[in-house]
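*Asks:* Chain order of the listed sequences is U and S. Residue numbers 30 to 368, in the numbering used here, belong to the letters of the first sequence in order. Residue numbers 6 to 574, in the numbering used here, belong to the letters of the second sequence in order.
To be clear, the hints were calculated from the coordinates, so they are not data collected in a lab. Virtual Cβ for every residue (Gly too), placed ideally from N, Cα, C. Some hints could be false.
Stated by the list, open to error - Quick list of in silico lysine-lysine cross-link-like pairs, DSSO-like style, CA-CA up to 27 Å:
#1 U:LYS212 <-> U:LYS253
#2 U:LYS325 <-> S:LYS189
#3 S:LYS224 <-> U:LYS83
#4 U:LYS312 <-> U:LYS296
#5 U:LYS114 <-> U:LYS212
#6 S:LYS510 <-> U:LYS62
#7 U:LYS83 <-> S:LYS487
#8 S:LYS487 <-> U:LYS325
#9 U:LYS342 <-> U:LYS357
#10 S:LYS510 <-> U:LYS342
#11 S:LYS159 <-> U:LYS170
#12 U:LYS62 <-> S:LYS159
#13 S:LYS487 <-> U:LYS234
#14 U:LYS83 <-> S:LYS125
#15 S:LYS510 <-> U:LYS47
#16 S:LYS274 <-> S:LYS189
#17 U:LYS206 <-> U:LYS312
#18 S:LYS224 <-> U:LYS47
#19 U:LYS206 <-> U:LYS253
#20 S:LYS125 <-> U:LYS312
#21 S:LYS487 <-> U:LYS47
Stated by the list, open to error - Quick list of simulated restraints, FRET-style, between CB atoms:
#22 S:ASP407 <-> U:GLU117: 47 to 57 Å
#23 U:THR61 <-> S:ASP181: 29 to 39 Å
#24 S:GLU365 <-> U:GLY46: 47 to 57 Å
#25 S:ALA514 <-> U:GLU224: 46 to 56 Å
#26 U:GLY46 <-> S:PRO85: 55 to 65 Å
#27 S:ASN75 <-> U:ILE364: 21 to 31 Å
#28 S:PRO342 <-> U:THR56: 21 to 31 Å
#29 S:MET22 <-> U:MET343: 54 to 64 Å
#30 U:TYR41 <-> S:LYS26: 30 to 40 Å
#31 S:PHE406 <-> U:LEU99: 32 to 42 Å
As the list claims (entries may be wrong) - To give an idea of the interface, some chain U residues facing chain S are shown, with a C-beta separation under 8 Å as derived from the structure:
#32 MET36
#33 THR61
#34 VAL69
#35 GLN86
#36 SER104
#37 ALA107
#38 ASN201
#39 GLY218
#40 ASN228
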Amino acid sequence: MRITQSMVMNSYTSRLGKVFESMDHATQQVITKRNFLSAVEDPAAAARAYQLRKNFQQNNDYLNNVQDVLDTMDSIDASMMVISKMAESAHVTLTAGRNGVWSLEDRMIFANELRAMQRTAIEALNAKFDDKFLFGGSSTKTLPFELAEDTSTTPPKQVLTFRGLDITDPANQEKLKAFADEKIYIDMGFGLTVEIDSNGLPAVKDSSAFNTSIPGINFLGYGKNPEDNLILTLGLIADELEKEPLDYDATTHLWEKLTDHRQSMLKAVTRVGADYNFLQKQKSVLERNSDSLNSKILNVEFIDMEVAINNLKMADYVYRASLEIGTKILTPSFIDFMR
Amino acid sequence: MLRSTFYGFNIAFSGLMMAQKALDLTGNNISNVDTPGYTRQRLDLNSIPSANYLDRYAPYNNVAIGRGVNVTRVAQLRDPFLDARFRREAANIGELDSQLSALSDIARIFDEVQYEALNKAMEDFRTQLQVYSTQTGEVTIDTTVWSTAESMVKMFNQYSRQLTEVRDYQEFLLKDSAVPEVNKILENLALLNKNIRECDVFGNPALEMRDERNLLLDKLSTYMKIDVTYYPDPDPELAKRGIEICKVAFICDNAPPLDLDQRTLLDGKDFASLRVEQIPDDEDPDRVTYITSSGLIDSRTGLPIHTIPGNPGLQFTTGALKGALDMLNSKGAFDDPPNTLNGIGYYQSVLDQIVRDFAETMNSANAYADPAWQPFIPDPFWMRDPAEAPKVANPTPPVLFDDHPLFETNDGSTVITAANIQIAEGWKNGSYNLTTSKNMFLPGDDYIGDTSNLLYIISQLDSPFNFTTDGIDNPAGYPLFKGTFEQMFKNTGLIAAQEVSAKTKALGAGTNVIMGIEEMRNSLSSVSMDEEGVNLLRFQKSYAANARVMTTLDEALEVLINRMGIVGR
Chain U
30 MRITQSMVMN SYTSRLGKVF ESMDHATQQV ITKRNFLSAV EDPAAAARAY
80 QLRKNFQQNN DYLNNVQDVL DTMDSIDASM MVISKMAESA HVTLTAGRNG
130 VWSLEDRMIF ANELRAMQRT AIEALNAKFD DKFLFGGSST KTLPFELAED
180 TSTTPPKQVL TFRGLDITDP ANQEKLKAFA DEKIYIDMGF GLTVEIDSNG
230 LPAVKDSSAF NTSIPGINFL GYGKNPEDNL ILTLGLIADE LEKEPLDYDA
280 TTHLWEKLTD HRQSMLKAVT RVGADYNFLQ KQKSVLERNS DSLNSKILNV
330 EFIDMEVAIN NLKMADYVYR ASLEIGTKIL TPSFIDFMR
Chain S
6 MLRSTFYGFN IAFSGLMMAQ KALDLTGNNI SNVDTPGYTR QRLDLNSIPS
56 ANYLDRYAPY NNVAIGRGVN VTRVAQLRDP FLDARFRREA ANIGELDSQL
106 SALSDIARIF DEVQYEALNK AMEDFRTQLQ VYSTQTGEVT IDTTVWSTAE
156 SMVKMFNQYS RQLTEVRDYQ EFLLKDSAVP EVNKILENLA LLNKNIRECD
206 VFGNPALEMR DERNLLLDKL STYMKIDVTY YPDPDPELAK RGIEICKVAF
256 ICDNAPPLDL DQRTLLDGKD FASLRVEQIP DDEDPDRVTY ITSSGLIDSR
306 TGLPIHTIPG NPGLQFTTGA LKGALDMLNS KGAFDDPPNT LNGIGYYQSV
356 LDQIVRDFAE TMNSANAYAD PAWQPFIPDP FWMRDPAEAP KVANPTPPVL
406 FDDHPLFETN DGSTVITAAN IQIAEGWKNG SYNLTTSKNM FLPGDDYIGD
456 TSNLLYIISQ LDSPFNFTTD GIDNPAGYPL FKGTFEQMFK NTGLIAAQEV
506 SAKTKALGAG TNVIMGIEEM RNSLSSVSMD EEGVNLLRFQ KSYAANARVM
556 TTLDEALEVL INRMGIVGR
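Okay, chain U solo, but in the shape it has when bound:
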């Protein structure tokens, strides 16, 4: 094949351009520490990177949600422990005292204690965390519990309201049942699924999100009889203890009820504890995921500096060699040697 100066020149210029381009690319890799500089360069890697970034951010969202719920549950646990301990203490004292050796004076003191317990319990039940009521179910901004005295009856009776509803009113029972079942779901990465129910309203699938709602009436109990509720039961016991002589049967009945309530409280506290432990584990899983995603992102998107610098050195070497060759091949021709 006949080779001419312009052929050599064109070919050299074009190849030198490519070599310079790869050196620029290697320089950019060192500066940015990136494996690829645009999606065009490696669309498959860009797709992986986008997905990993999304997963990373989503994982962090879940982690924040878990941490937020854990903080809330600390407060829930503390408040429930107060009530549970009171129920325990009341139960122990009543178990010891209901055998009839108590004097009226002793019983009056205990009755007062029980009423004080009621007030403390209400305070605990109306506890707030992060400006939200903890035990109001899905109502987080309205005071959930109020304990009042209905003086219109003889003798006066205590009325406990939950979100404004008398928990012993037969007309409210359906609604209270709905309140007790209320859920506040938080997405923690269990595969959130929300379906539309027969009313056209969204219904979160229970296993797909975490329920953080603990409506107070759920563990305190509610019903047409005041004794169905722990707080009112404490009041009823106080009423009985103030009577002379002590109605042993009535007290025993209420003691049995208190035993049930104590069990319910313990169960509820245990459940909160179990949820707390579960969330701690979930938090560990999410933290591990976060680390793993981060390292995947590093692998896909970023280049080892050793490799990047090596690439740059090599590109620089090739570029210099090309320039060196250029000075050799481009200058001389037959004409240079003519005399």
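Given the coordinates of chain U, work out where chain S should sit on it, guided by the hints.
*Replies:* Just chain S, lined up with the frame of chain U:
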């Protein structure tokens, strides 16, 4: 026949003349070593036969000696087959290059490898919804959600504007650069044809003008696939002398097919011109861009020689003009019938469709239940005092109101697009908030903690949908993608990136091919300094040798003229 006394001088003179011309030609070749399109020239030589070859009465032992050398013409070394191959490949490269010009800009808009943009904004929107789900009822968080949504919406607006800019720029390139350039090339070619013919008539080969013509034909071939033919001059006398006319026609896929006359852009000194038309007009967002040909115009009368029926726009088979038209007109899946050629319109349509689907889905998810509706109503079968009737679940579902949209248009239009989407005024000014729960209907009861609707909104972001050209799950639409909004959006950017990546590789391959052809052409036609250097020496020696012949003859005649007849004097 007797040889003339000074016959030898003529022979030497012809040699000197040849050597002189050859040195000039070598100098011309060397001086044009870097001239684009220059084809190396060489002298065609032949030796002049003896004058008495045909001497009827020549003696049998007559010795005929030639009369020197004759320069018949200056020729070019060029292969028309290589030119044709080069031009075919140039058209393919022109098409790829033109497409890449638009696609690279599009891919850059969607590229978030180094800089976070819309993908991140969408993720941030989701994150803020998640934060809100743990803080429902906190107005400040609702504000944070809409401000994140606003950044996302502004990104949509910006992407739309950038895509429009890509379209405007491509239109500018076509209307104000490519087509005027083609017309200029055609005009110059016609002028060259005219001049070359005139030179041919006068017996001047006009080689440099032919080089220029070839260079222009090479340029023209990047814009469209062309057929270049040379046919004998219509004047029989000139045809006999081998004078040819250059004719250029483009290849197209028009239906019904255009005949050769209609496809002809250049014929001798007559040429056609192309023009860009836009229907309905260049302001209409759905405008379609056409290129039409005026048909061959008679250069003397200015009247069209051929007319092109209907002039529906030329359907070039390949070349930069086709690439540009494809990018401007093709909407891929959004075309009727759908195709796989994703032009700027495809990306604009996909972006508009995603935004529309997104806004409609979010607005619908933000609907709220009739506040008058009660989930629990007094038991209708209660026979006693109605005031004491127990509450039972309401068997009638609530009416959902959709007058709390999250997104709306900023231009009063009813159709949301990426260009006109904005945060709904009501949401922005606090008239209403995100519907965290559709159950906001019980007087005296707040459902602020209920996150069911907020999670429903989040789930809409994470749910896969069947995206079609006519909206989600629309059987009438052409399927686009199945996935979440975010995936659909990312996929659109990745399609652009993949197209650029694939076309860049194809362009690289095509460039290699054309460089190979160019190398072959150069191998044949370009100037070699080594050869020319050798020629310099060769013709210098030749010149010297011919001069020496002359000196020798001079010396020989000196003997004959001045020294003969003086013996013994």
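*Asks:* Does VAL69 of chain U meet its interface restraint, that is, does its C-beta lie within less than 8 Å of any C-beta in chain S?
*Replies:* Hint holds; VAL69 of chain U Cβ to chain S Cβ min 4 Å, cut 8 Å.
*Asks:* Please check whether MET36 of chain U passes as an interface residue: C-beta within 8 Å of a C-beta belonging to chain S.
*Replies:* holds (4 Å)
*Asks:* Can ALA107 of chain U be said to touch chain S, with a Cβ gap under 8 Å?
*Replies:* Violated, about 19 Å.
*Asks:* If you draw a straight line from the CA of LYS206 of chain U to the CA of LYS312 of chain U, is it 27 Å or shorter?
*Replies:* violated (32 Å)
*Asks:* If you draw a straight line from the CA of LYS224 of chain S to the CA of LYS47 of chain U, is it 27 Å or shorter?
*Replies:* holds (24 Å)
*Asks:* Would the hint on SER104 of chain U be counted as holding, given a Cβ-Cβ threshold of 8 Å to chain S?
*Replies:* With a closest approach of 14 Å, the SER104 of chain U hint is violated.
*Asks:* Going straight from one Cα to the other, do LYS510 of chain S and LYS47 of chain U come out at no more than 27 Å?
*Replies:* holds (14 Å)
*Asks:* Take the C-alpha atoms of LYS312 of chain U and LYS296 of chain U, compute the straight-line distance between them, and say whether it is at most 27 Å.
*Replies:* Status holds; Cα separation ~24 Å.
*Asks:* Taking the CB of PRO342 of chain S and the CB of THR56 of chain U, does the distance hold inside 21 to 31 Å?
*Replies:* violated (47 Å)
*Asks:* Given the hinted pair LYS325 of chain U and LYS189 of chain S, is their alpha-carbon gap at most 27 Å?
*Replies:* Violated: LYS325 of chain U and LYS189 of chain S sit about 56 Å apart, past 27 Å.
*Asks:* Given the hint of 54 to 64 Å, check if MET22 of chain S and MET343 of chain U actually sit that far apart at their C-beta atoms.
*Replies:* holds (59 Å)
*Asks:* Would the hint on THR61 of chain U stand, with a C-beta cut-off of 8 Å toward chain S?
*Replies:* holds (7 Å)
Violated hints, in rising order: 2, 3, 11, 12, 17, 21, 26, 28, 36, 37, 39; the structure is consistent with all others.
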